[in-house]
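Construct the entire structure; sequences and hints are all you get.
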Amino acid sequence: METRKPETAICFAAKSCSQFDFFPPHPRKDKREMQIKVKCGCGEGNCPEWAIVELQGVIEAQPAVQDRLQNLEIGQLCRPSSQENYTFTVGYHELTGSKVPLKKPLLVLKKLRHLDSEQNDELETSRVELEVIGIIRHRILFKTRPKALISSKLYLTSSNFWIYNQKKQTSNAIM
Amino acid sequence: MQQPQPGCEGGAEAVLNFQPNSSISIAYHPFFGPHNDLILLELDEKLLPDVLHQRVTLRGQPDEDAVLCTRSKTYAVKFVGTSNSVLLIPPSDQSTVCEKSQDFDEIIENDHNKKVVASVIKVVPGNLELVEVAPRLDKLKMLLSENLFGFDDVSEMEDLDGMEKNVKSLYTWDDLIEKVQASDDELRSGLQTLSAVEIDGYWRIVDEKYMDGILNMLLQNSVLNDWSLNALIEDEVVGVLELDGFPRKIALHCLEVYGIRVDQDVGRSPWRLDEMRVCVHIARGILRGGKMKMENFMAEWIRKIPEGMQANFDMLEGQVLTEKLGIETWVHSFSVSSLPCAPAERFSALFRERSKWEWKDLQPYIRDLSVPGLSSEGLLLKYTRRTQPTLDAEPIFSAR
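Protein chains in written order, with the UniProt record's numbering: chain A, 1 to 175; chain B, 1 to 400.
Hints were generated in silico from the structure; no laboratory data involved.
Glycine is no exception: its CB is placed at the ideal position from the N, C-alpha and C atoms.
Be careful, since some hints might not be right.
Computed list of lysine to aspartate or glutamate pairs in EDC-like fashion (alpha-carbon distance at most 16 Å, straight line) [what the hints assert, rightly or not]:
no., chain 1, residue 1, chain 2, residue 2
1, A, Lys-37, B, Asp-50
2, A, Lys-37, B, Asp-184
3, A, Lys-39, B, Asp-50
4, A, Lys-37, B, Asp-174
5, A, Lys-103, B, Glu-42
What follows is a list of derived Cβ distance ranges for each label pair [stated by the list, open to error]:
no., chain 1, residue 1, chain 2, residue 2, range
6, A, Leu-112, B, Val-371, 33 to 41 Å
7, B, Ser-195, A, Leu-112, 35 to 43 Å
8, A, Gln-83, B, Ser-348, 51 to 59 Å
Rough simulated footprint, nothing fancy, chain B against chain A, three-plus residues with beta-carbon under 8 Å [said to hold, decoys possible]:
no., region
9, 50-61
10, 66-78
11, 103-113
Listed below in structure tokens is the structure:
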């Protein structure tokens, strides 16, 4: 059996969070900013449910693949019994966690920007809308630190394992 | 090296409906990225129907923090960051995310042995939270005070060529909901508290001197025409005031501000002038010139009150303050409606007026304050220092 070199690992780097800004400065101060409507196409009861897998620390990929994460496998999520307990294996680490209902639901909003070009005025104003595209009611939470999977084979190959403190890219949610 | 199958095959459903004794592969989505346009908003279950029925909006100008408004309430929007890795997994058929059509059904149909994959579209840095706040109505007052409706407006209304009407500092309802961070209900009640009136589509506060003029004219006419102040016929009153040069809309507004319909359920019911509102208005007019000795003020007030009405100094709670200078008591205008609505600004205005307040004086100036999640005792604790020289003495409130 071929042992694949893990391409992702978990590390515990401090993560910085960005300020959320709904109303960025408008290029022209005197231009009226529209209020932002929150739209919903799904209606009550039909809102598609999204899922969250939450763990401590930051998942880091090996430098060779970190620029093309798309489609990359992060790990294996298992439900070993009929209880709501889960394991998540990332690289040579195993996390143990459980499925917990959220105290308050989370809505997934998607920001839509419409361009309105006005007559008599060549200015283009963008009108922002938020659309509800999903709801989250549960998460699978791994709140413990990962346990190393010790196996002689894995141990030998663990030198291929990369954990590094790449500064987390801050995602600025500017509207 | 074998890459996991690209795609959304399992999606959130696979994670949420996880069968015991099974496993799924968690992978980065084919469109994994920062996706700054995807935002998570935490909210109370009770607000869900409002959002799902499209009754909420975010309001604020570019230089203000956004608030979320339902029909009746206002919420501050706070970003709460997390240091955990929160992997967001959309449902498999999320066409808004997987924009390119990919035929996964076939893959799932044909290959049951293939691992189910749930794909992570983004790592979420945190979510938005809502905190109920008081509406920001001070701004409403400020906007409407920029351009009061007064005598100039009336002469302008008479100029029929006034099509180039100066609309500077005039605000329609739609302008106000863009500019004021308050829900529709709160904005409506704010406009009512300010006695604002919609004239030609613009919400205006009528200049107090102008209101003086029209109320005096109404009272004079009631004497001349032998009207009862408890049963004013709307058409008659408005008609006569129009002949005196007041716009119909303002004449009606005068009845709304100083009167009550005798029978609320009957549309064309007569109006009764409200004793308290009329008396307070007259008192304010008298004190506009500055402070007065109590007895002079009372004499003038009682003289000016229309017949059949009784002036009572208690009516002026929250409108005037008295102070003892030597053996004389003086009274001056200090109206709660002229003070800011935001608690911190309100208390600082109060302590500028007086450094020490007795409860009976202070209470009328703070009873209208409402801060979600804070009782009036909480407000006092937060913004004042309470001293009580002896156990049976009245407590005194001073600035913190």
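- Message: Check the structure against each numbered hint from earlier and tell me which ones fail, lowest number first.
- Response: The structure breaks none of the hints.
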